[in-house]
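Residue numbers (my numbering), protein chains in the order written: chain A, 1 to 482; chain B, 1 to 108; chain C, 1 to 492.
Treat the hints with care, since some could be wrong.
Said to hold, decoys possible - Stretch by stretch, here's where chain B covers chain A in the computed footprint (C-beta under 8 Å, at least three residues): (1) 9 to 21; (2) 141 to 152; (3) 347 to 359; (4) 399 to 405; (5) 421 to 431.
Keep in mind the hints are simulated off the structure, nothing from the lab. Only a predicted model underlies this, so the values are computations on that prediction, with no experimental measurement involved. Ideal Cβ positions, reconstructed from N, Cα and C, are used throughout, including at glycine.
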Amino acid sequence: MTYEPVIGIETHVELTTASKMFCGCPVDFGAPPNTNVCPVCLGLPGALPVVNGRAVEYAMTIGLALNCTIAGRSVFSRKNYFYPDMPKNYQISQYEEPLCVDGYLDVETDGTASRVGITRVHMEEDTGKSTHVGVGGRIADASHSLIDFNRAGVPLMEVVSEPDIRSAEEARAFVAELRGAVLRLGVSDAKLEEGSMRFDANVSLRAVGAEPFGTKVEVKNMNSLRSLQRALEHEIERQAAILESGGEVLQETRHWDEEAGTTTGMRSKEEAFDYRYFDEPDLVPVEVDDEWRTRVAGALPELPAQARGRYLEMGLDATTAGLLSNDVEVGLVFEAAVATGADAQMVANWLTGEVTALLRREDTTLGATPIDGSVLAELSAMVTDGQLSASAAKDVLAGVLAGEGRPAEVAASRDLIQVSDAGELEPVIDGVLAENDEAVAKLKEGDEKVIGFLVGQVMRATGGKADPGLVNQIIKARVGGG
Amino acid sequence: MGRAPGLLPFPPMPVEIDIAKVARLARLALSEEDLDRYREQCEVVLEHAARVQALPTDGVAGTSHPLPRTNAFREDRITECLDTEEVLAQAPDRDGDFFSVPKILDEQ
Amino acid sequence: MSDLADFTVTAAAAGLRSGDFSSVELLEAVHKRAAMTEANLHAYLTIDRDGAARGAVAADSALKKGTAHGPLHGIPVALKDNMVTRGLETTASSKILSGYLPPYDGTAVTRLREGGAVIFGKTNLDEFAMGSSTENSAYGPSRNPWDPERVPGGSSGGSAAAVAAGSALVGFGSDTGGSIRQPAALCGIVGMKPTYGLVSRYGLIAFASSLDQIGPLTRTVEDSVAALEVVGGHDPADSTSYPGAVPDYRSGLKSGVAGLRVGVVAELNGAGIDPAVQAAVDQTVAQLEEAGATIVELSLPSIEYALSAYYLIAPAECSANLARFDGVRYGLRRLGENVEEMMSNTRADGFGPEVTRRILLGTYALSAGYYDAFYGQAQRVRTLIIQDFQAAYQQADVLVSPTSPTTAFKLGDRTQDPLSMYLSDVCTIPSNMSGDPAISVPIGVDADGMPIGFQVMAPALGEPVMFRVAAEVERQAGFTVRARHASSEVVT
Chain A
1 MTYEPVIGIE
11 THVELTTASK
21 MFCGCPVDFG
31 APPNTNVCPV
41 CLGLPGALPV
51 VNGRAVEYAM
61 TIGLALNCTI
71 AGRSVFSRKN
81 YFYPDMPKNY
91 QISQYEEPLC
101 VDGYLDVETD
111 GTASRVGITR
121 VHMEEDTGKS
131 THVGVGGRIA
141 DASHSLIDFN
151 RAGVPLMEVV
161 SEPDIRSAEE
171 ARAFVAELRG
181 AVLRLGVSDA
191 KLEEGSMRFD
201 ANVSLRAVGA
211 EPFGTKVEVK
221 NMNSLRSLQR
231 ALEHEIERQA
241 AILESGGEVL
251 QETRHWDEEA
261 GTTTGMRSKE
271 EAFDYRYFDE
281 PDLVPVEVDD
291 EWRTRVAGAL
301 PELPAQARGR
311 YLEMGLDATT
321 AGLLSNDVEV
331 GLVFEAAVAT
341 GADAQMVANW
351 LTGEVTALLR
361 REDTTLGATP
371 IDGSVLAELS
381 AMVTDGQLSA
391 SAAKDVLAGV
401 LAGEGRPAEV
411 AASRDLIQVS
421 DAGELEPVID
431 GVLAENDEAV
441 AKLKEGDEKV
451 IGFLVGQVMR
461 ATGGKADPGL
471 VNQIIKARVG
481 GG
Chain B
1 MGRAPGLLPF
11 PPMPVEIDIA
21 KVARLARLAL
31 SEEDLDRYRE
41 QCEVVLEHAA
51 RVQALPTDGV
61 AGTSHPLPRT
71 NAFREDRITE
81 CLDTEEVLAQ
91 APDRDGDFFS
101 VPKILDEQ
Chain C
1 MSDLADFTVT
11 AAAAGLRSGD
21 FSSVELLEAV
31 HKRAAMTEAN
41 LHAYLTIDRD
51 GAARGAVAAD
61 SALKKGTAHG
71 PLHGIPVALK
81 DNMVTRGLET
91 TASSKILSGY
101 LPPYDGTAVT
111 RLREGGAVIF
121 GKTNLDEFAM
131 GSSTENSAYG
141 PSRNPWDPER
151 VPGGSSGGSA
161 AAVAAGSALV
171 GFGSDTGGSI
181 RQPAALCGIV
191 GMKPTYGLVS
201 RYGLIAFASS
211 LDQIGPLTRT
221 VEDSVAALEV
231 VGGHDPADST
241 SYPGAVPDYR
251 SGLKSGVAGL
261 RVGVVAELNG
271 AGIDPAVQAA
281 VDQTVAQLEE
291 AGATIVELSL
301 PSIEYALSAY
311 YLIAPAECSA
321 NLARFDGVRY
331 GLRRLGENVE
341 EMMSNTRADG
351 FGPEVTRRIL
361 LGTYALSAGY
371 YDAFYGQAQR
381 VRTLIIQDFQ
391 AAYQQADVLV
401 SPTSPTTAFK
411 LGDRTQDPLS
421 MYLSDVCTIP
431 SNMSGDPAIS
441 VPIGVDADGM
451 PIGFQVMAPA
461 LGEPVMFRVA
471 AEVERQAGFT
481 VRARHASSEV
491 VT
């Protein structure tokens, strides 16, 4: 029996508004604990929430970019459950009347295009952060926990996909595309490593060709694109093994363990799922009229497909243009570099070549590296100026990626700067020519090939730092022949 | 006997509450004796409250807000936060600038 | 000069402005009265001697400079202890908040301070505003100044007792199902609940968010207007705050009721009402007719279900509003092996029986499988109630009824039977459900000498016509008998 996976992804995106969803405390990752708090986000007695208008617009932006219908009227709800990092022990969210519904996102998996439905996008608030104190920082061995409410109340968008995804790779491509869109929209910095974008997956299997869905298992705790793919691959195998042996898959929530490479069942209580949703009485409904929706839709930034077109016009080849526009973070850095005068093809090659290779290898994102538009522009200028050869530039890039500093610093410390001063080179060249009469004679007779040898000699004499193009020029001028 | 559409059965059935489950949901550690007493009292009140089921409400939308207001927004602007010390001074247990709580059993 | 503690706000404000006495003297008088009455009445949980003294001195200074404006400038006020006051203990009369010092002032409190009011102290209430007698306070009940064996009503019983006894010139309370109006009626003073949204709830410890409103308890209708002028008006910190301009409360106060239509609500008059109370109410209605009003008999059938719907909606909302009291960030904490146990032990120990009951009720009404039949249905019934009111206000300018079915009952009379206690609110709950304003005006006493309250209800933002009719009722009743207090003297 062959089974096909049926996968849906629930993504939470933290917004980069200046202030929180329901109060004016700053949204600021990394601030000292419990400094960005007020009566509202601490859940003090008597406090009341007030909706951040920009967060609503950002949510609408995401919805429109995902081709959703924006509800004319949407309502906030209380999702009731107790947890120490929840200041009110209910989360203000949206339940029956969310802001955005019925959209889709087009995804490309290894050359195959697919369309993943988006069930809904809604607004809610993030919780505080708990650190577990004990052996290994894991919840199971902790003696107590420390709570920081800085993150409580940060605007959170929940994006729920239809169970349209059919493989772990497609899931990864979907999340990558969603992340790219969110970055391009400028509504979140979507840093997986910092948790400003998080996702859970729902996975079930059914016999190929069958209609009804199998039992759904929720998988949590995947903190990177690669771990998402690995976790899903593992879970699919696990479920297939159960079904093949005639067993039944248990409906539960499973926790992905990156080190062990497995999912384990979490203790689940029946009552835990009774959220007792009801309309939030402290907040009034959101009504979006045509005028507002049209205005937001009109201000939508360009999405990847359009970016692709522009890159082609810049003179990039189709493959490079495609690669750049698929990873929007990379595309944005590319555009920033070009805007300050960098050479488009050069920068594009670095990004799609060395940089992307490193990102894959380290399973990280561009934002986590020192590479940005100004770094690449600087590097490009050094090549155009003649300070670096093309191959030296690659070495410098590697150095920057390794954290050794900006291009100028790395070039200096790695001693890669070319000598492009004719005055410096002439004596060396004269010396080489003087020692190689035969070669010079051949050159004078018109043997072009010998120039490579002579340039090579100069390169050796200068420890590889001479600008080979300039050396070539000077030798020709000196010898006069050819 | 036919029933008008939307009219719930009246008089309503006696109400039976799984009080232990409700107390757990509400995080109230009550004794067996207390639970029993509360269950009885709540059932009496609920039977009275259940009279609402006698009114036909087909096509009637519920009222969550008595005041017909919409789109109450604030500007995305940073306002003054509370002083961390003043906040933590009220904490039943603190560890530096963190609130401290006994170990958490369930991941959420 | 008669005791300053017995002055109305209006008279005291005038006296302060003309320099007849100072705010410090006024405060002293109130202090003296409190010292005399508190042992008997226990209206207060906290009296802020130092803060009030500073406030009075500052008020006098502004009066001298001529920078004193508002109608409550220099006036000692009492605040129900579910209104957060910065640096001043706020407990909501619960053990779970014992010793809690809020780091901020609620909006109403800020407006009072900015208006020069002198915050004298925090008054007793039924725990978390749940109750109709103030017997649910974790710190002991308050007593009725007219007869200390009887309850002052609730949940704003402390504020009502203080204003009636003269240990505050004006008090503030909150009204969710009648918690300002009913104690006002039982204590022989004026108490009103504004249109929902007229007074900010920011800083009011929430009981039932879609029903709660802060309002004043005063000796006269004019004083009630003055208090509302200071605290009412749009607040951006409260999303449910009415965004428009506030109505003009004052201009109709002396206009009388000629030409107005007064609707007598059939469901709230007669059946279930104590005969002495009904007789007094009927007499007042007759007086209004004499004074030129047209009396109309109106039926609002869905009001029969208001109490039932209320006891689903209010507990449901409160079960969520009180979830934040968990021992993590403030208040009481009890031990537990793990955080879940800690929370459960804390809440079981910190909440009294009435609060516990309502949390259980509310949790049940919202839970899976029961939501639609209980909470959902209650909300739909609420819509029907609103529609009945709207239809009634096509035919009447105001609606009237007794405020409370009985006068003040004895302590302990209803504590064993929750349902009997809930029935105290049958006349007041409907206007919380509709969000419309309502006021209680004292009109006389019963055979035991206990005060009777007359309720005037008006459409949303209809405070002007409500006050206008209330002022006429007050004039007609001539009720100036002051409360008996700890001294043997009855001031008339």
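Looking at the structure, which of the earlier hints fail to hold?
-> Hints 3, 4, 5 contradicted; others consistent.
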